[in-house]
Amino acid sequence: MNTYPALLIVAPLLAALFTGIFVWIEERLCYPIAVLGMLISSFSAYKILMAVLSAGVIHYRHAGWAPPMGIEYRIDTLNAMVLLLITLIALINLVASYKTILVETPDRSGSFITIYLLFVVGLLGVTATGDLFNLYVLLEITSLTSYAQIGLGDKDRGPLASLNYVFIGVIGASFYLLGVGYLYIKTGSLNMMDVATIISTMHDSNTVLVAFILCMIGVWIKMALFPLHVWLPNAYSYAPTAVARVVAPLMTKVMVYVMVRLMITVFGFDYIFSTLDLSAAVVWLATIAILAGGLMALAQKDLKKMLAYIIVSEIGYMVGGAWLGNTTGMTGTILHILNDAVMTFALFLAVGNMIYVCGHVGFDNLKGLFGRMPWTMGGFVLAAFSIIGVPPTCGFFSKWYLVLGAFEAGAYHFAAALIISSLICAILFFRIFEIGFFPEPSDGDDHAHAHHEPAVMVEAPVSMLVPLGLVSLSLIIVGLYSGTIVNTIILPMLQ
Amino acid sequence: MSETLALIIGKYNYWLYIILMMIGLYAMIVKNNLIKKLVGMNIFQTAIILFYVSIGYKTHATIPIIKDSGHGDGHGGGHAVIHAADYINPLPHVLMLTAIVVSVATFGVAMALAVRVYQRYQTLEEDEIRMRLTEE
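Residue numbers (the numbering used here), protein chains in the order written: chain A, 1 to 495; chain B, 1 to 136.
Calculated from the structure, these hints are not laboratory results.
Using N, Cα and C, we set each Cβ at its ideal position, and we do this for glycine too.
Any given hint might turn out to be false.
[What the hints assert, rightly or not] Label pairs and their calculated CB-CB ranges:
no., chain 1, residue 1, chain 2, residue 2, range
1, B, Ala105, A, Pro391, 30 to 36 angstroms
2, A, Asp277, B, Lys11, 25 to 31 angstroms
3, A, Ala416, B, Trp15, 44 to 50 angstroms
4, A, Ala281, B, Ile35, 36 to 42 angstroms
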């Protein structure tokens, strides 16, 4: 039996246990333990992906109990991809954030690392599990740890932003739990595959409809789809750098994965698109989310807030693509889970470096940044191009699938929103580039002197630049290999 | 009219949980004090716990423990025929043990955050906090 699925989750969990103990004994050991745990986990995720690609779906039964009774981890190509993504991003971020953790939470770095590892455990569990209630519990582990981490951020606004996130997060998770309850009433099972088999015969049941709607609303609140997005911008922009870097790319994307999983595996395309007539309404909602996210991003004066609203807009892409009701749109959504996680990660890595050097990232503080931090800005430009959707970068390819899917489904408004959103992103980022190229304002009245002064480089430390460089390059690599990814990972699962 | 009444009485557990849930949601949306919001959040979660507990219940059924059939060997019931209809479904109740733990943990984290907010602003009233934020 393949034991990697257990190792994947147990390694960071044990590492969290040990870091929790070592906080009291020798705090310096916490960081190496965490890195070791994440390394083991990443290696397991890689092994799982290889095993799934060669031998098909992996079933891991906990304590040997057979599925409808016991809890199983069911890993196909979709979760294998997301698992590898989570472990790699968490590992790279842990390496890149070593210095910022020491700066931003100086007296609590050990406890911080413990919560960070538990957060990763939650994300991995949500992705790997094949059980609906288990998903809820792990979702709450993820949320609880992210509340705690965000509360450690900005002294003035962090706890308040986090508390508002708690209120809305609880409503979201409770709706999901309620939906699972209705599914349980109808089917008497909590295993995803089992539930799927049973409800395929009861498509006209109102209970299943209520369960579906409750689950979807719960997941949408958690992923911040447009009218339900209000918690996201504050929570993400007042979080500590090390947290924003991992929560922003992963949390919402994992929730999109949960939505896709519920749609593909549990309820099934036949039920959602043939029996129910909701897809047009949801695609409209996604269209509005894309445009509203973009417009609100235009109004921001702080780089972190602007990126947070871009995430709101990107969520619209993925929800819309999944609800178009054709394979092309769903391919676009799944590819965009991967691409958007990598691009958001690259952007937030760059922003983290800027914060480490400049203190804050209000637009007025970014003047002359290209001269001072050329490498960081290089990575930032690549990531920005990817968000806009410039061809060799990966953002282009998923957007291409989404636009094709929109035309196939006749949802021209959605295609138009995607293109307009690209334009808005271009405006947003070129405004940043423009600010970045201006020289730093001189301190005194001596204007002439300021013009002759060469720009002084104050780059972030190498330990933060190397991860950014790697991730920015991977934007292009993922883009070049997106055909392979679609053919080997995504399409086999949608057949 | 009597049909509606029958619907309400026959499914009173669902009505109760929905009423409780709406009370909680109302408190979370309308109340100005952060602690009152937290209490609303707890009522909201408790409503869902009650919903799960009520769906496991059956009339004229007993607790899901198989009684000793009289042999006194400690393995009672193994020989007797067991009718599932005689026993309450324990699974939703067990699930709710986990959900209770989750809701207690959430409440704890939220209380800790409320303490931090109070330390910073010296108040837990949302409008006063908002006023402080706009002043700064």
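Going through the hints against the structure:
1. Ala105(B) x Pro391(A): 30 to 36 angstroms: violated (47 angstroms)
2. Asp277(A) x Lys11(B): 25 to 31 angstroms: Roughly 27 angstroms apart at Cβ, these two residues keep to the hinted range, so it holds.
3. Ala416(A) x Trp15(B): 44 to 50 angstroms: holds (45 angstroms)
4. Ala281(A) x Ile35(B): 36 to 42 angstroms: holds (38 angstroms)
Hint violations for this structure: number 1 only, all remaining hints satisfied.
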